[in-house]
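Heads up: the sequence lines are chains A, B, C and D, in that order.
With the numbering used here as the guide, the letters of the first sequence map in order to residues 320 to 552.
With the numbering used here as the guide, the letters of the second sequence map in order to residues 550 to 848.
With the numbering used here as the guide, the letters of the third sequence map in order to residues -12 to 617.
With the numbering used here as the guide, the letters of the fourth sequence map in order to residues 11 to 199.
By construction, these hints were calculated from the structure, which means they are not laboratory data.
Predicted model, so just to flag it, every value in this text is computed and none were measured.
Do not rely on the hints blindly, as some may be mistaken.
To be verified - Straight-line alpha carbon distances no greater than 27 Å define the calculated BS3-like cross-link-like pairs of lysine-lysine that follow:
id: 1; chain 1: D; residue 1: Lys59; chain 2: D; residue 2: Lys31
id: 2; chain 1: C; residue 1: Lys92; chain 2: B; residue 2: Lys834
id: 3; chain 1: A; residue 1: Lys519; chain 2: C; residue 2: Lys528
id: 4; chain 1: A; residue 1: Lys406; chain 2: D; residue 2: Lys158
id: 5; chain 1: A; residue 1: Lys551; chain 2: C; residue 2: Lys16
Unchecked claim - Where chain A lies over chain C, by a calculated footprint (3+ residues, C-beta under 8 Å):
id: 6; region: -6 to 1
id: 7; region: 532 to 538
Idealized CB from N, CA, C, for every residue including glycine.
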Amino acid sequence: MSKLGNIPVQAKSEKKRTNPLARVFDELIQFCQSRSMFMLHYCTGCGAIELPPAMTSRFDMERLGIQPMVTPRQADILLVTGYVSVKTLKRVILTYEQMQSPKYVIGICSCTVNGGMYWQSYATAKVLNEYLPVDVYIAGCMPRPEAVIMGLRRLMSNIENGKGNAWKDYYERYDYYLGNQQHLFGDDWQTPVDVIGEAKFYDLEGEETYGEHTRTLEQHQEPLEAAVMRVKL
Amino acid sequence: MASFNSISELLAQLLFMPMLAFLLGLVMVLMYRKIAARLQRRIGPPFFQPVYDIVKLYSKDTQISHGLIHDIGIVVAVGGYVAAVILLPVPGMDGIADKGGIITLSYFLMIPSLGMALGVGQCANPNGSIGISRALTAMLAYDIPFIIVVFGVALHYQSTSLVGMIDYQQAHQWGIFEMPLLAAAGLFALQGMMGKHPFEIYVAPAEIATGPMVEMSGKFMGGLFVMQSFQFYVASVLYTSLFLGGGANWFEFLLKIFFVVEIPMSISFLFPRYRTEDMVRIMWKWPVMLALIGIAFVI
Amino acid sequence: MSVLDEVFILCALGALVLFVFHRIRGIEKLAVVFYAALLYLLIKMSGLGYGGEVIYSSFSLNILGETLQWRFDAVSWFFAIITVASGLFSAVFMSGKWGESYREKTSNAAYGTLQIALLLNVNSMLILLASGDLLSLFIGWELVSWASFMMMALNPDKQARQAAIKYIVYAMAGAMAFLAAMAYVYGITGSLQYAELAQASAALSNGQIILLSLLFFTGFAIKMGLIPFHLWQAVAYAETPAPGAVFLGAISARMGLYAIIVVLIQLIGLGHLQQIHIPFTFWNLQTVLAWVGALTTIIPTYIALKQNDARHLLAWHGVGQGGYMLLGLMTLNSLGSAGGLLHVFNYATYQAALFMTIGAVIYRTGTANFDKLGGLVTQMPLTFMVMVFSIIGLAGLPPMNGFVSKWMVYRSLLLDGEPLLFVAAVIGTLGTILSVYKLVHNTFLGQLRVEHQNVREAPLSLLIPMLVLAAIMFVTGMMPGLVLDWVASAQLAMGLVPVTYNLGGIVLASGGLDMIWITLILFYGLGVGAIIFYLLGGRAKRVHQYDNYAGGHFLTSRVRYHYSHNFYAGLMHLIGGWYRGSFKKLEQAIVSLVSLLSQLSENMYRSAQPAMMVIIVVVLSLWSISGGIN
Amino acid sequence: MNCDEINVWLDTLLEEINEIKVTRKSDRRVRVDVDASSLPALLELLKGKASYVHLSAISCVDWPDDEEFELVYHCWSYEAKSLLSAHTRIPRNSSEEFARYVSVYDIYKPAGFFERDIYEMFGIYFESSPFMEKFILTEWNGPPPMRKDFDAEAYVNETFNWAEYNPDWLQEITEEGGGIAIRPEDVRL
C-alpha cells in the first residue's frame, strides 16, 4: 500500500542566504507563483468535462490567475483528469518531465486515486503518485467545478506557504519513480528527457536519485547530451 | 529638431522611455485580458496579474534552452523593442526620433520578429516553424496596407520625421480628420499587427500548440510576455503619432493611446479566427483599397 | 604611362601567366596575389572615388576612322573596385580547401580552367568599365558575355550546360540589339563617340529616342536579367561552381546596369526620357523603365520564394535585387540614384557572402537541397553568423548596409510621390524577408539530421572571406558615408546632382537617416535585452533536440521532426495559383517559332526542288530590280 | 426491389450451403449458424449475391467450457435493411499459443481491423490477414486479456499497488453503516 499525498521532501542543506532581503524576496516570488498558474490539462478521462465550466464565466478561474496553456513547457500545473491507462501514462510521464519546475500535479477524479471504477482493469494504472509526485488529489466521480477550484486553492495556499515542493521529490527519489515506471513498462523504458542530467545541473540530487533502476536505464539509454555549438575548423 | 539638450537628458531618456513603455504595456496587457473577461461575462484577472505572470516566469527554477540562438532570439525580441520605443516620441521625450523617422521605425519593428523567428527556428520544433511561417505570412499581409498608410501619411506631411508630424498636427489638425480613409486603413492594419484575434492564426493554441512559443519556458516565455507589452505600446503610440496628433501633455497622451489600443482589443473577441490565406486576402483587399483611395485624396 | 595602363598590362600578364601555368599546383596563390595587385592599382586610382580627374589610357586604336579609347571615370572606378574585390574574395575562397576538393573531384586542369575563367571575367569587366566610346563598350560587352559563358560551362552537369547555352543565346540576342542600336546611332551621327551621341540625342525625335532606348535597353536588360528577360540568369548562376557563383552573382549582372548608366543616363539623359510620352498611355519612358525595375523586384523575388535549393533561391534574389538598383536610378532625384548605386555595392557584399556560405555548406554536406539540410547551426556557427548578417542585409533590415540603400530608394520614391512604385518595392522587400527566413531556417535551424552529426565548421580559407565580407556589411551599414563618398563622385560623373550625406547617412530637411545613431540605439536595446535575459531568472539547461514537445510523442533519431517542405503553405494556398509560368511559356513559344522558321529555311535549302528555287529567285530579283528602279 | 422479396430470396439462397441453420428472428434480423469451413463461402455469397456489402463488426465469444471460440460476423444489407449475424465456432486450441482461423479480408476489407483486434484480445490468429501486429495494446506482453481464463483481478492485484484512501468523512460514513465497504461474501481475494 502506498501513501497518498504528504510526500516527505527532505530539505536539502540550504545555502546560506546573506542578503537580508532574501526572505522577503522569496516570499514575493512564492506569492507570484501562487497567483499565476498556467495549467496543462491532460484530459485523459471524463473529468475533463468539469474544467470548461471552471474556466468560463460561471466560475472563472482567471480571477485566481489560473489560465490554460497548451504545451508542457509553459505550464505549471499538470491536471490529470481521469483514468490513466498504461499507454497514456507513458505520455503523462513524458509531459510531466517536459514541464519546468516548480511544477505541480493535480489528480482529478477517483480514477487517479485508486483506479476508480476501473479498479479491476488490467490496462489502467491505479495510483498516480507511484509514477509522478502528486500535489493534490481531487476525488470524486467526477468532482464538481467547485471542488476543482477548491483543490486549486489548496494548491495555491500550499505554494504560498512554501509547501508545494512535491516536484523536488521526483528528482530526489527518481530511482523510486523510475522503478515503478519500469515495473509497468518494462526495462527498456526511457523518455527523451534527461531527468538525471537535470537533477545534476540544477543541484537537485537526493540520496535516492540513483539506484538500481537508474543503472538499468543507463545501460540502454540513447545519449541525451545537447548538441554543443562549437567551431571545429 | 534636436530634442535633447545635453547628454544627461539623452541618457535619462534612454532609460525612462523603455521603462515607461514597459509599464504602460503591462497595463495594456491587463486591459486586454479584462476586456476579454468582460465580453465573456467573467470577472477577469486581478490588477497585478501581468506582473505576477512575469515574475513567476522569471523565477522558474528550471528552464530549457535549445542552444545559443534560442537565447539570442529572446534577447533580440526584447532588445529590438527596447530600441524601437526610443525612436517613438512621447510628450517631453523625443529620444532619437529625428535620427530615424517612420520608414526606419517600420523596418526596425521587424527586427524583434526576425530575432524571435531565428530563436524559434533553433528549437527544432515543427509547430514553432509552422507558426513562424504563418507569422511571416501574416506580416506580409498587414505590412502592405500599413506601408501604404505610412507612405500616404509621410506624403501628406511632406516629412518622415515623427516629431515633425506631431508638431504639424498639433499646430493644424489631427491626421484622422485630414486623412480619414488612411486612418481607417491604418486601424485595420493595426489589428493585424497586434497579432490578436481574429488574426492570430500563427499562435493557434489548439492546433500548433501556440506556434512560436511552443518550446518557450521560464524566462524565455517571460521575455515574450515583456515583448507583448512592448508590442501593444508601440502599436498604439505609433497610431497616435500618425493620426491623433501625439500628445501635448501626458494626460492627453495616455487617454489617446488607451483609446486607440482599446478598439482592436474589443474587436478581437467578436470574431472567429481567420485562416492564413483568408487573412492575406482580406488584408490585401479592404485596407489596401481604402489606403490607395486615401492616397489619391492626399495627392 | 597612366595607372590604367598599368592595370591593363597587369591584366594581360596575369592572363598569360595563368594560361601557361594553370595546371600547376599553387597557381591559386598566384591568382590571389594578382587580384591583390589589381586592387592595389585601383586604390592608387582612388582619387576618382573622391572627385578626381578622369584617367585615360595611353593606348588607343583607330578603326575605320573611329577612335577606340579607354578611360576610367568615377562610375567605372566604383564598379571596378567592386569587381576586383569580388574577384579577390572568390580567389581567396577557392584557394584553400575548396580548391583541393574541387581538384580531387575533377582534375588539376579543370581547377586551372576555373581560375582562368575567373580571371578572364575580371579582366573583361575591367575592359568594359574602361571603355570610352560605344565601340569599345561593345567589345567589352562581348568579352564579358563570353567570359561568363566560359564560367558557366565549367559545370559538367546537364542542367548547368543547358542553362549556359540558354544564357549565350540570350546574350547573343542582347548583343544583336546592342549592335543594331549602335548601327542606328552611327547612321544618325556618323560616329560612335559618346560626345557625339550626347550632342545628337538632344535633337532626336521622340520616335527615334524610343527606338534607340528600346534597342539599347533590351541589350542591357538581358545582361541584368530584368523583366521580361529574367529567365536565364538564376539557373545559370546557381549551377556554376561556388566561387564562380560568388563572382557572377555579386557583380557580373551589374554590367548591364553600368551600360544603362553610361548610355541611358549619361548620354541620353533621364530628363529627356521623362519628356517622351508613350503614345496612347499616361506613361513616359522613364516611368516605364521604373516599372520594369519595380516588377523585377517583385516577380523574381516571389519565384525565389518557391525554390527548394539554396543556390537557386539566392540566384533568383540576385535577379530581384537588380530591380531596386534600376528603380533607384530611374527616380528623378539624387537620393534615388545614389540609393541605386549604393545598392550595387551593398548587394555585392551580401550576395557574395551568401553564395560563400552556401558553398561552405555544400563543401561540408554535399547538398544545398532544403529537404536534406537542417540544424547545421551547432556544427557551423560562424557560417551561420555570416549568413544571418547577409540575410539581414538582403532583407534590408537595420543595421546592415542593405537597409541604407533600400531606405534611400524608398525615401526617393516618397520624394517623387510615387505610391505604387513604393508599394511594389515594399512587396519585394517583404517577399525577400519571407524567403531569406526560409533559407536560414531550412539550412541552419531546425533538427539536425543524423548524417550531419559529425559535420564540422567550414575551413579557414572559406571562412576568412566570409567574415571579412560580414564585417564590411556591418561597417558600411553603420557608416554608409564611407561608400557614399564614391557614390557621390559617381553621381557627379554621371552628370547628376550628388546626394547630401554625412558619415552616418543621409541629410534631408524633412527626415533623414543617421545609421550611427540607429546602430548604437539598436545595440543599446540589445544590451538591455541581454541584461534582462541573462541577469534575471535562473540558469537554463541545454537539452537534446529530441527532448521536444511533440504532443506526448517520443522522439527518436528515427523520427524526422523538421518542417521544411512547402514552407509557406498558407501563403501558397492563396498565391500558388498565380505562378503560371507565363514568361516561361512565352520563352518556349519564341523558341518553337525560331526552330520552326529555321527548319523551314533548312528544308527549303536542302530539298532539291528546282521549280521552287526558280520561283523564289525570280521573285527576289524582281523585287530587288523594282527597288532599284525606285 | 421490395425488402421482403430479398429476404425470401435470401432464405432460399442460404439453403444451398451445407450444415446451415437459419433462424429468422424478425424481418430485419437473421441468425445463421454455420460450420467453420463453410463460413467464407457463406460470406462470399452474402456479399456477392445478396447485397450484404457491409461488415459491421466481427465479435468473438469465449466458451472455455466447450473449448471453443464463437465468432460472429455481423453483415448489413443496405437494400434489405437487415442485419445478418453469421455464427461459427472454432476450436480454442488451449494447448497452443493461439487458435487459428482463416481471414475474410479478401471478401470484406474492414475485416482486417476486426481481426487484428480479435487476435490481440483473444489470441485467434487469422491466416492471410494483412495486419497481425499489435494494435491497441502496444504496451501489453501478457496473455490475450479478453480470454475468460485470464484473471484480470488477479493480474491487477499482482501488478499494481493500492492507495490507502480512507479520509475522515469516509470513516464517518462507514461507521454509520454506509460507505464503500465490501461485504464478506463479495471478497474474492
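Hinted pair Lys406 of chain A and Lys158 of chain D, Cα distance within 27 Å: Holds, at roughly 23 Å.
Pair hint Lys519 of chain A and Lys528 of chain C, alpha-carbon separation not exceeding 27 Å: holds, 10 Å
Verify the proposed pairing of Lys551 of chain A with Lys16 of chain C, using a straight-line Cα cut of 27 Å. holds, 25 Å
Closer than 8 Å, Cβ to Cβ, for at least three residues: run that test on the region -6 to 1 of chain C against chain A and report holds or violated. Not satisfied, violated; 0 residues make the cut.
Mind checking the alpha carbons of Lys92 of chain C and Lys834 of chain B for me, to see if they're no more than 27 Å apart? Violated. Lys92 of chain C to Lys834 of chain B sits at ~54 Å, over the 27 Å cutoff.
Quick one, are Lys59 of chain D and Lys31 of chain D close enough, alpha carbons at most 27 Å? Distance of about 19 Å is within 27 Å: holds.
Closer than 8 Å, Cβ to Cβ, for at least three residues: run that test on the region 532 to 538 of chain C against chain A and report holds or violated. With 5 residues in contact (Cβ-Cβ under 8 Å with chain A), the coverage given for the region 532 to 538 of chain C holds.
Of the numbered hints listed earlier, those contradicted by the structure are 2, 6.
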